[in-house]
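Protein chains: 2
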Amino acid sequence: MAKKYKDFEPKWIKERAPKDSYRSIFRWGDPDFVKYPKESLYKMMKEKFDVTDEYFEKYNMSTGFDSVDLSKYPSKIDSKHLKYFISILGQDNVSTKDYDRLSVAYGQTAYDLMRIRQHKFENLPDVVLYPSTTQEVEKIVAYCVKHKIPLYVYGGGSSVTRGVECVKNGVSLDMRKNFNKVLAFNEIDQTITVQAGCSGPKLEETLNNAVNLFGAKRAYTCGHFPQSFEYSSVGGWTVTRGSGQNSTYYGCITDIVLSQKYVTPIGVIQTSHYSREATGPNLNQIMMGSEGTFGVLTEVTLKIFRYMPENRIRFSYMFKDWDSAMKAAREMMQHESGYSSVFRLSDPEETSMMLRLYNVDDTPLSPLLDKFGYKEMERCMFLGFTDGEKGYCKNVAKNIRKIAKAYGAMSMTGYVCKSWEKGRFNDPYLRDTLMDFGVVTDTLECTVNWSNMAKVHHDVREVCHALPHTIVTTHMSHCYPQGANLYFIFITPMNDAEEFKRYHTTILDAIQKSGAAISHHHGIGKMFAPWLEGYLGKKEYGTFKALKEYFDKDYLMNPGGTIGLDLPDSKKKFIKEK
Amino acid sequence: MAKKYKDFEPKWIKERAPKDSYRSIFRWGDPDFVKYPKESLYKMMKEKFDVTDEYFEKYNMSTGFDSVDLSKYPSKIDSKHLKYFISILGQDNVSTKDYDRLSVAYGQTAYDLMRIRQHKFENLPDVVLYPSTTQEVEKIVAYCVKHKIPLYVYGGGSSVTRGVECVKNGVSLDMRKNFNKVLAFNEIDQTITVQAGCSGPKLEETLNNAVNLFGAKRAYTCGHFPQSFEYSSVGGWTVTRGSGQNSTYYGCITDIVLSQKYVTPIGVIQTSHYSREATGPNLNQIMMGSEGTFGVLTEVTLKIFRYMPENRIRFSYMFKDWDSAMKAAREMMQHESGYSSVFRLSDPEETSMMLRLYNVDDTPLSPLLDKFGYKEMERCMFLGFTDGEKGYCKNVAKNIRKIAKAYGAMSMTGYVCKSWEKGRFNDPYLRDTLMDFGVVTDTLECTVNWSNMAKVHHDVREVCHALPHTIVTTHMSHCYPQGANLYFIFITPMNDAEEFKRYHTTILDAIQKSGAAISHHHGIGKMFAPWLEGYLGKKEYGTFKALKEYFDKDYLMNPGGTIGLDLPDSKKKFIKEK
Chain D
89 MAKKYKDFEP KWIKERAPKD SYRSIFRWGD PDFVKYPKES LYKMMKEKFD
139 VTDEYFEKYN MSTGFDSVDL SKYPSKIDSK HLKYFISILG QDNVSTKDYD
189 RLSVAYGQTA YDLMRIRQHK FENLPDVVLY PSTTQEVEKI VAYCVKHKIP
239 LYVYGGGSSV TRGVECVKNG VSLDMRKNFN KVLAFNEIDQ TITVQAGCSG
289 PKLEETLNNA VNLFGAKRAY TCGHFPQSFE YSSVGGWTVT RGSGQNSTYY
339 GCITDIVLSQ KYVTPIGVIQ TSHYSREATG PNLNQIMMGS EGTFGVLTEV
389 TLKIFRYMPE NRIRFSYMFK DWDSAMKAAR EMMQHESGYS SVFRLSDPEE
439 TSMMLRLYNV DDTPLSPLLD KFGYKEMERC MFLGFTDGEK GYCKNVAKNI
489 RKIAKAYGAM SMTGYVCKSW EKGRFNDPYL RDTLMDFGVV TDTLECTVNW
539 SNMAKVHHDV REVCHALPHT IVTTHMSHCY PQGANLYFIF ITPMNDAEEF
589 KRYHTTILDA IQKSGAAISH HHGIGKMFAP WLEGYLGKKE YGTFKALKEY
639 FDKDYLMNPG GTIGLDLPDS KKKFIKEK
Chain B
89 MAKKYKDFEP KWIKERAPKD SYRSIFRWGD PDFVKYPKES LYKMMKEKFD
139 VTDEYFEKYN MSTGFDSVDL SKYPSKIDSK HLKYFISILG QDNVSTKDYD
189 RLSVAYGQTA YDLMRIRQHK FENLPDVVLY PSTTQEVEKI VAYCVKHKIP
239 LYVYGGGSSV TRGVECVKNG VSLDMRKNFN KVLAFNEIDQ TITVQAGCSG
289 PKLEETLNNA VNLFGAKRAY TCGHFPQSFE YSSVGGWTVT RGSGQNSTYY
339 GCITDIVLSQ KYVTPIGVIQ TSHYSREATG PNLNQIMMGS EGTFGVLTEV
389 TLKIFRYMPE NRIRFSYMFK DWDSAMKAAR EMMQHESGYS SVFRLSDPEE
439 TSMMLRLYNV DDTPLSPLLD KFGYKEMERC MFLGFTDGEK GYCKNVAKNI
489 RKIAKAYGAM SMTGYVCKSW EKGRFNDPYL RDTLMDFGVV TDTLECTVNW
539 SNMAKVHHDV REVCHALPHT IVTTHMSHCY PQGANLYFIF ITPMNDAEEF
589 KRYHTTILDA IQKSGAAISH HHGIGKMFAP WLEGYLGKKE YGTFKALKEY
639 FDKDYLMNPG GTIGLDLPDS KKKFIKEK
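Those protein sequences? They're chains D and B, same order as listed. Counted from 1, the first sequence has number 197 at position 109 by the numbering used here; the numbering is strictly sequential. Counted from 1, the second sequence has number 279 at position 191 by the numbering used here; the numbering is strictly sequential.
Be aware that a few hints might be false.
Stated by the list, open to error - Each computed DSBU-like pair below joins lysine-lysine, with the alpha-carbon atoms no more than 35 Å apart:
| no. | chain 1 | residue 1 | chain 2 | residue 2 |
| --- | --- | --- | --- | --- |
| 1 | B | 131 | B | 146 |
| 2 | B | 269 | D | 543 |
| 3 | B | 490 | B | 256 |
| 4 | B | 482 | D | 493 |
| 5 | B | 463 | B | 92 |
| 6 | B | 627 | D | 627 |
| 7 | D | 626 | B | 102 |
| 8 | D | 236 | B | 102 |
| 9 | B | 486 | D | 506 |
| 10 | D | 490 | B | 305 |
| 11 | B | 185 | B | 208 |
| 12 | B | 506 | D | 486 |
| 13 | B | 94 | B | 486 |
| 14 | B | 478 | D | 305 |
| 15 | B | 626 | B | 99 |
| 16 | B | 164 | B | 660 |
| 17 | B | 478 | D | 415 |
| 18 | B | 482 | D | 305 |
| 19 | D | 459 | D | 126 |
| 20 | D | 269 | D | 171 |
| 21 | D | 305 | B | 208 |
| 22 | D | 160 | D | 543 |
| 23 | B | 126 | B | 146 |
| 24 | B | 305 | B | 102 |
Said to hold, decoys possible - Okay, the calculated bits of chain B under chain D, using three or more residues with CB under 8 Å as the criterion:
| no. | stretch |
| --- | --- |
| 25 | 294-307 |
| 26 | 318-325 |
| 27 | 345-355 |
| 28 | 472-480 |
| 29 | 568-580 |
To be verified - Which bits of chain D does chain B cover? Going by a derived footprint, with three or more residues having C-beta under 8 Å, they are:
| no. | stretch |
| --- | --- |
| 30 | 196-208 |
| 31 | 445-455 |
Calculated from the structure, these hints are not laboratory results. Don't be surprised by glycine CBs; every beta carbon is placed ideally from N, CA and C.
Turn these sequences into a full structure, and let the hints steer you where they fit.
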């Protein structure tokens, strides 16, 4: 990891989390992997937070090394229900154990992590089931409907919207254990069909190894790489309408999914599987975004792409300021010369942090920047890489270079992009290491049209910065000819879940007021739900209610506020009625 | 037009249709434009139909030169309703005249044209209204709901699915006269907002002239060019989920629409206007495909594209057979080197006709084909052109050339593509000229996945050819990495609407049995509706019913079978339950 500190180094926790501990649940991913800030980044934080080394001398939150104990929150499941579930799934696939229940109760927003550290166990499932097949899920759903048992689904658990939280207790289906098989591979149509619990790495490894596994002519890629890639599932991507970091080329999951199978209270729903249809409202687009409230997604057919990393061209450029950088990004998106796969433009504050995070501050490039007029807290870093056929990649990179130069940018070579690639999936580890010291990191994102970009960037950042001593970094990614996603990341000293929620709420308010879409790819879950009806409009939102009543009139599927369906008006925020 | 015939030439009707005549209604487009077959095509038809010149000595259907007379079908509208409509729209914008009523009663399927020629006036509106604004439509819809008056919308009238037909009589809104304004142009976001009745040419001319009209930096294009372009409307494209011939590059209308405004019985519905959102089921994709059954589409915001015809590269290739041609097309779509804009592959029978239609039989290329082993009724013509930035176009064309050659194709130069371009929007005129002699031409299309392409092509053509003496041409267009649209065009001697419908039904049956999507871009309307629920599945189709009940519980919006919503089960076909 990072080089040794010259001065004081906080005691970053580097030990493996014990198997049965709280830490093993809230901590991101691989138990043996640790990430902590390098010294220059640590110093930057101290400065921004206006604290001394003293702040980092003790842990400011529980580190969660103790064993999970839910004896105060026992399972309330009726034994006759347990008996039934065991009869269809077997003893090994039905659990009321404390650890199993807690491990599917929360997602990955800082609000979740802080609540676990603070032992705030509000919403736990009574029983966790591990089904293997759509047929088993059919039986479970039918039984739950008959007995009015709330039903939740846990895919990869990377929700940052309280999407998986069992607000009404009941059953949670943990899809990680048995529901992760590849069901079909079709090289002619370039599709793969998987069970919903299939993880990102399993899917990608399968496709990369298609020659050996299926006798395919070549290797393939799924094209979908969210930051949560390693610990999220195909089902979660689909029901929340996720996006990968390469979406500017490959599209978001809503573009990549070809068809879906759901088990709903009214039975199995199989969407059709064509590239386009003119056969009434689009059922695939009705089911995606339902976030478990219409039923359980069990099988997904995805479009796949040729795996051609040899064609990838990496680039990075430094712009003089946010205004010229935004204009260049727009030109690149509207230029019709093809799309870069990763396309990421950082604002001045993020650029400042990135230069440390991606070690550019250690390279000879760093002093040159100031010299050439690319000034700290004005300059903006743009990076990315291409995917696709060789000539396509070349043309994309060539035009990006041309446009970047025309807007006054200086090439930073492919180095910065490579550094970013190293960190792209493991930055979440940093979050846990910092939270031990009571430093919270979280993100919010929204879709913005180009004509509103400067305003949203300004207004939302202003609200984020209303909390003093906060690092607020912003970048643009997932870009389109009509606009882009804006990502806001904040890092601030904070060690209480409710304090976090209050802060988070002010930012969501600001996003809605600014005229942005309240979620580009994180989904709505239970956390963003109060804003949804106000955002869409009452009559527009009514379509969701009509669909809900059709599929699940008893409100048993992911109940307790998901996408606001069973949320009383008193708990909704109507900030800006259309 | 075509050169003088050497031998017998039928008396193709070349006169302008009189202003108040039936012919002026059923005839395609520009009253001064005529198209008729050249001699080689005429001879081919005689041979295929197994008829002599004698068949073409007299007209076999009414030519419709007489004046429209609906005295047998008087308007039944209550005078108090008329009074109300006049009070809000003015006298000039309310009509119960025979001509006005008939002119919005039918679309453009041969079934419609034959019924008009046969004076079968089953389904006429009682009154035609010409609103100008969304506010006026709000008043009309509210009034119709209050008084239970069925409401229909007529956009460009090019429906081939009986989409506009006023089965329950009542009101028809003719959007051509006043509802065609451009409301907003946003160059930063690259969008244009228009009223739903805006025609293709008006939209495209506006965008091409953006520099003069809006002081824009450059000219733009809408990217959407269906064969009906000149006589279809933005609203019709949107509610039926249409596709243009350049969709392989620009996308279908479902990709191009950014947002929509509808007036429904429960009020105005405004969808959101972002490139992507993760905010529940996608409302834009719920409304597109509703075909007037949820409410009246009044305003549409479309993405627009840079107008760069100077970059266009035209190409055409001849393949030895359908199998190698299909494989090459698939490779081009899965190759990730960018997409051609027009991408059209004809099967052997269509190729045979095209060589005549596009005058290749008159060029030195023709005798070379046989010589080099590209044999009549085996060879397949592939043509198209690129759109986009210059380097992008070059890369697409280069890779198409490479792949075509690898699959044994011979370049036919850009000539054939240019000939196709000349006819692309005026082929429908040919249809009228032939129908005077009792020769019917119509089309059906469907989406097919690559792995099922050979079967669908074979099975559907077999059923088309079950009618003896029929020319059945097929082409692939609107292509994707996972499949393509297959287009079936049939030309056969026939002069009765009901006979046509029986034949048409056998083909739709065959499409559904073959495993194709029953419509790629024509929509469903009332003609394809009997198949829809069987195609989608009962529970899946139930979502449409749930939405219908939400928006229009009294079934007043485009009633009488549109997308099957008020069609009894006894009239539905469940050919292949999923």
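Cross-check of the supplied hints:
no., hint, in the structure
1, 131/B <-> 146/B, "holds, 17 Å"
2, 269/B <-> 543/D, "holds, 30 Å"
3, 490/B <-> 256/B, "violated, 56 Å"
4, 482/B <-> 493/D, "holds, 23 Å"
5, 463/B <-> 92/B, "holds, 28 Å"
6, 627/B <-> 627/D, "holds, 24 Å"
7, 626/D <-> 102/B, "violated, 56 Å"
8, 236/D <-> 102/B, "violated, 72 Å"
9, 486/B <-> 506/D, "holds, 31 Å"
10, 490/D <-> 305/B, "holds, 19 Å"
11, 185/B <-> 208/B, "holds, 18 Å"
12, 506/B <-> 486/D, "holds, 31 Å"
13, 94/B <-> 486/B, "violated, 42 Å"
14, 478/B <-> 305/D, "holds, 32 Å"
15, 626/B <-> 99/B, "violated, 51 Å"
16, 164/B <-> 660/B, "holds, 30 Å"
17, 478/B <-> 415/D, "holds, 21 Å"
18, 482/B <-> 305/D, "holds, 27 Å"
19, 459/D <-> 126/D, "holds, 25 Å"
20, 269/D <-> 171/D, "holds, 26 Å"
21, 305/D <-> 208/B, "violated, 58 Å"
22, 160/D <-> 543/D, "violated, 48 Å"
23, 126/B <-> 146/B, "holds, 18 Å"
24, 305/B <-> 102/B, "violated, 44 Å"
25, 294-307, "violated (count 0)"
26, 318-325, "violated (count 0)"
27, 345-355, "holds (count 4)"
28, 472-480, "holds (count 5)"
29, 568-580, "holds (count 6)"
30, 196-208, "violated (count 0)"
31, 445-455, "violated (count 0)"
In summary, the structure is inconsistent with hints 3, 7, 8, 13, 15, 21, 22, 24, 25, 26, 30, 31 from the numbered list given earlier, while agreeing with the others.
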